[in-house]
Structures are given as C-alpha cells and as structure tokens.
Amino acid sequence: MTTFADLGLSPKILATLAKTTITTPTPIQVQAIPHIMAGRDLMGLAQTGTGKTAAFGLPLLHRLLDIGHPPGPRNVRALILAPTRELVAQIAVNLEVFTKGTSCKVHTVTGGQSIFRQTERLAKGTDVLVATPGRLIDLLERNAVNLEHCGYLVLDEADQMLDMGFIHALKKIAKHIPLKRQTLLFSATMPKLIEDLADTYLRNAIKVQVAPPGKPIEKITQAVHFIPQGDKAKLLETYLKGHQGEQALVFGRTKHGSEKLMKLLVSWGFSAGSIHGNKSQNQRDRTLTDFREAKLDVLVATDVAARGIDIPGVRHVYNYDMPNVPENYVHRIGRTARAGAEGKAIAFCAPAEMDEFKAIEKMLKTPLPVIGGAPWAGEAVSAAAKSNQNRGGRQQPKGTQARSGQKSAGPKPAASKPAGVAGQNRFAGKPAAKPSNRPDGGQNAPRKSVRHSGQSRPKTASV
Numbered sequence: 001m002t003t004f005a006d007l008g009l010s011p012k013i014l015a016t017l018a019k020t021t022i023t024t025p026t027p028i029q030v031q032a033i034p035h036i037m038a039g040r041d042l043m044g045l046a047q048t049g050t051g052k053t054a055a056f057g058l059p060l061l062h063r064l065l066d067i068g069h070p071p072g073p074r075n076v077r078a079l080i081l082a083p084t085r086e087l088v089a090q091i092a093v094n095l096e097v098f099t100k101g102t103s104c105k106v107h108t109v110t111g112g113q114s115i116f117r118q119t120e121r122l123a124k125g126t127d128v129l130v131a132t133p134g135r136l137i138d139l140l141e142r143n144a145v146n147l148e149h150c151g152y153l154v155l156d157e158a159d160q161m162l163d164m165g166f167i168h169a170l171k172k173i174a175k176h177i178p179l180k181r182q183t184l185l186f187s188a189t190m191p192k193l194i195e196d197l198a199d200t201y202l203r204n205a206i207k208v209q210v211a212p213p214g215k216p217i218e219k220i221t222q223a224v225h226f227i228p229q230g231d232k233a234k235l236l237e238t239y240l241k242g243h244q245g246e247q248a249l250v251f252g253r254t255k256h257g258s259e260k261l262m263k264l265l266v267s268w269g270f271s272a273g274s275i276h277g278n279k280s281q282n283q284r285d286r287t288l289t290d291f292r293e294a295k296l297d298v299l300v301a302t303d304v305a306a307r308g309i310d311i312p313g314v315r316h317v318y319n320y321d322m323p324n325v326p327e328n329y330v331h332r333i334g335r336t337a338r339a340g341a342e343g344k345a346i347a348f349c350a351p352a353e354m355d356e357f358k359a360i361e362k363m364l365k366t367p368l369p370v371i372g373g374a375p376w377a378g379e380a381v382s383a384a385a386k387s388n389q390n391r392g393g394r395q396q397p398k399g400t401q402a403r404s405g406q407k408s409a410g411p412k413p414a415a416s417k418p419a420g421v422a423g424q425n426r427f428a429g430k431p432a433a434k435p436s437n438r439p440d441g442g443q444n445a446p447r448k449s450v451r452h453s454g455q456s457r458p459k460t461a462s463v
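Those letters in the sequence shown? Residues 1 to 463, by our numbering.
Keep in mind the hints are simulated off the structure, nothing from the lab.
No residue lacks a Cβ here, since even glycine has one placed at the ideal position from N, Cα and C.
One or more hints might be untrue.
[What the hints assert, rightly or not] Here are the simulated DSSO-like pairs of lysine-lysine, each with C-alpha atoms no more than 30 Å apart in a straight line:
| no. | residue 1 | residue 2 |
| --- | --- | --- |
| 1 | 100 | 124 |
| 2 | 358 | 219 |
| 3 | 358 | 192 |
| 4 | 192 | 234 |
| 5 | 100 | 260 |
| 6 | 241 | 263 |
[What the hints assert, rightly or not] Ranges between beta-carbon positions, derived for each pair:
| no. | residue 1 | residue 2 | range |
| --- | --- | --- | --- |
| 7 | 196 | 219 | 46 to 56 Å |
| 8 | 11 | 241 | 44 to 54 Å |
| 9 | 8 | 200 | 44 to 54 Å |
| 10 | 267 | 207 | 46 to 56 Å |
| 11 | 375 | 192 | 53 to 63 Å |
| 12 | 241 | 5 | 43 to 53 Å |
Using the sequences provided together with the hints, build the complete structure.
Set out below in structure tokens:
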C-alpha cells in the first residue's frame with residue numbers, strides 16, 4: 001500500500017498529516033502528487049469526494065516550502081481559482097490544515113466580502129491565494145494584488161467555471177501571470193470545452209484519472225422515480241420521513257423554487273435550510289455551518305450554490321428538479337458518498353424533464369434503475385408547459401406512461417430498495433463590465449453565446 005512518505009512529500013508536510021485523520025493517499029493523490037512535485041503540468045479527472053484538494057494542495061505546499069522565500073508586498077506565489085465562494089472556502093479550510101506549523105500563508109478572496117479588508121490582507125503578500133475569478137479581477141483592476149511572481153496556477157472544478165461563463169475572466173487573469181509557470185487543471189467531467197481548455201492552457205501535460213469522466217462514484221446507489229411535477233413535494237416528504245436523522249441534500253433548478261420548497265419542508269416539521277443566489281454570503285455561510293454541524297437535516301440548494309459542499313454526513317441526494325446540464329448530475333450526486341462512505345441519489349423526473357433524463361443516461365452510458373412510475377411516453381410536452389415547470393409551476397403529464405395501463409406510482413415510493421446502479425499568452429479577452437449578484441460576487445459574464453472550437457455555449461449561470 002502506497003503511503004504519503006512513498007510519494008516523496010517533505011518531513012514538514014508528513015508531520016502535519018500525522019496530526020490529522022488523513023492516513024492513506026487516495027487513488028487521485030497517488031497518481032497526481034509525483035507528477036506535480038516533478039513540476040509537470042497536469043490535468044486531473046476525478047469526481048468530487050476523491051481527495052482532489054490534497055492531490056494538488058500537498059505537492060504545491062511542498063514546492064513552496066522547498067523554495068522558502070516569502071512573498072513580497074501584494075505578491076502571490078500560487079493561485080488557485082474556483083467557481084464559487086463555498087468551494088473557495090472549502091479549499092482554504094483544507095489547505096490551512098496542511099499548513100499548520102509551517103510559514104505558508106493562505107488567503108481567500110471572493111465576492112460578498114469587504115474588498116477593502118481583502119486589500120489590506122493582501123498588502124503584505126501571500127503564499128497561496130484561493131479566489132473566485134470575478135473578485136480577483138476586481139482586485140487586479142485596483143492594483144491590490146500582483147501576479148507577476150506567481151509560479152503556480154490551479155483551476156479547480158474547471159468544467160463548472162466554463163459552465164458559469166468564466167472563460168473571459170480566466171483569459172484576463174492569465175495575462176497577469178508569467179508564461180513560465182506550472183498549471184494544474186482539475187475537473188469531474190470531460191466535455192469538449194475542457195479538452196480545448198487543456199490543449200490551450202497546459203504544456204506537455206500529464207493526464208490522470210481515477211474513473212471515466214462523467215462516471216459517478218461506485219459507492220453511490222442511484223435510482224429514478226417518474227412522477228408528475230405537482231406530486232414531487234409529497235414524494236420528497238415520504239422519502240425524508242423514511243430516513244429521519246440522516247442528512248439529505250435536495251437540488252432545485254431555480255432560486256425561487258428552491259426557497260419555496262425549503263419553506264414548505266419547514267412547515268411540515270423538517271429542520272431545513274436553503275442556499276442559492278438570492279441569499280447573502282453571510283446567510284449562506286450560516287446555513288452551511290448549521291448543516292455541517294447537523295443542526296439542519298435537509299439543505300435545499302441550486303447547482304451553483306452547492307459547489308464546494310464537503311460534508312461527510314450527507315447520505316442522501318435528491319434531484320428534485322432534473323439538471324439542465326447532464327454533467328451537473330454527476331456534480332450533484334457527488335455531494336454524497338464522501339471520503340469513501342456510501343450514499344444514495346434519487347432523481348424525480350416529471351414529463352417535461354424526459355429530455356434531461358435521456359441526456360443523463362446517455363452521458364452515464366447506463367440506465368438508471370426505476371423505483372417508481374415508468375418513463376413518460378406519448379405526446380411531447382409543449383415548450384410553454386416546460387417553461388411553466390422551470391418557473392416552479394405545477395405540471396401535469398400530457399401523455400401516458402410507457403407501462404401498459406398503469407398510472408404514476410404517486411407519492412409513495414416503491415417497497416423495493418433502489419439497485420446500485422496546455423503556449424504563449426494563452427488567454428486573451430475582456431472581462432464583462434456589468435456587475436451582478438453572480439455566486440462569486442464578481443463581474444457578470446456576457447449573455448451571448450461564445451464560439452469555442454466550433455461549439456456554442458450560453459455564458460451565464462443560473463443559481
């Protein structure tokens with residue numbers, strides 16, 4: 001069995017690890033750490049909950065400690081970019097555990113916090129800066145931070161950064177970083193844009209992966225329940241009552257719909273909270289703290305707001321609304337079965353969501369076990385009906401179900417349990433000028449589609 005000592009980490013890092021519960025490296029750590037310590041650019045493909053932060057954090061800290069010189073005023077030695085505030089906070093928490101007893105300083109900058117205080121903290125420089133792209137650009141434009149001596153760039157959850165429209169922000173940030181640097185890119189999925197990103201930004205990169213891109217962790221038991229939109233809430237209530245005392249994460253598609261669902265669950269006696277783009281940073285932080293401390297049993301969240309949630313106690317994930325982007329399904333259910341634990345993920349599919357469901361199964365390359373109802377068939381759902389559902393309206397099926405003569409299974413789950421189922425200035429572009437309440441608190445991305453390698457992708461994120 002490979003140990004952290006076998007990977008060549010410094011005695012200081014090993015001594016710090018010895019004081020934690022981290023005893024054995026995970027597969028992604030075993031594969032990535034030696035290459036990063038050797039100075040290679042790297043693309044790592046691994047699902048959430050597999051130890052990606054330590055995979056890039058430990059060798060990064062090893063190299064910074066090995067060089068030893070402190071950063072100058074406003075200087076940054078290593079930059080880690082992540083798509084959301086919550087993920088930035090989670091990365092920083094993990095890195096601070098690894099830097100205890102060392103001289104390395106870790107700072108974070110995100111939207112939703114005082115930019116003046118962030119400027120003050122960065123005045124003396126920092127070894128590692130973990131940031132969201134929007135707020136970092138704000139600080140760069142104020143000359144509050146200097147990346148001219150930054151030797152390391154890490155793009156974490158790169159697929160989500162692209163989905164959220166941060167490509168222009170990444171281009172502008174990279175113009176401030178020396179071409180001679182080590183670049184690491186980590187992603188849970190491998191869409192075409194990530195391949196293009198890696199080809200453009202990484203040099204002679206090593207590619208490591210611990211599971212096929214888009215494949216969920218094996219310890220997650222998955223299933224789908226076909227049910228009319230208007231019956232989903234009662235079905236969720238039934239499931240939640242069936243595992244009282246165990247924490248659950250519920251994903252909604254919209255901010256309004258998620259908040260409405262949370263309030264409904266509270267009225268039914270559940271200890272529930274919500275996080276989404278309409279919540280202030282302080283509200284989101286308090287809710288996450290309560291959930292982490294098990295003061296809440298249920299957390300209702302949108303895709304973007306939930307990025308960075310790393311809570312080992314989550315045993316159940318419910319896709320109350322099917323995700324518009326298939327890859328988000330993998331990110332969602334990856335909130336359970338953390339650190340080798342087991343978890344369950346159940347999707348609720350309404351008639352208007354069959355396209356999304358089919359896209360998910362196509363990505364997974366395997367069918368999801370059905371534990372209630374049957375795949376919707378018959379007349380296609382109108383665009384108006386689907387739009388109504390996306391706004392949180394109650395959508396009834398317009399067709400019949402595929403199972404002969406049978407109606408929807410209704411709110412009661414089936415008795416049986418679900419079955420398991422790398423160049424020159426490599427970025428160029430302009431930042432968006434318009435501010436917004438985007439999850440990272442930075443500048444808004446353009447609303448038009450941006451052409452990249454023959455593909456078009458909308459560049460705004462819905463929280």
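Now for the hints, and whether the structure bears them out:
no. : hint                     : result
1   : 100 with 124             : holds, 19 Å
2   : 358 with 219             : holds, 22 Å
3   : 358 with 192             : holds, 19 Å
4   : 192 with 234             : violated, 39 Å
5   : 100 with 260             : violated, 42 Å
6   : 241 with 263             : holds, 16 Å
7   : 196 with 219: 46 to 56 Å : violated, 32 Å
8   : 11 with 241: 44 to 54 Å  : holds, 52 Å
9   : 8 with 200: 44 to 54 Å   : violated, 30 Å
10  : 267 with 207: 46 to 56 Å : holds, 49 Å
11  : 375 with 192: 53 to 63 Å : violated, 28 Å
12  : 241 with 5: 43 to 53 Å   : holds, 48 Å
Violated hints, listed in ascending order, are 4, 5, 7, 9, 11; each of the other numbered hints is respected by the structure.
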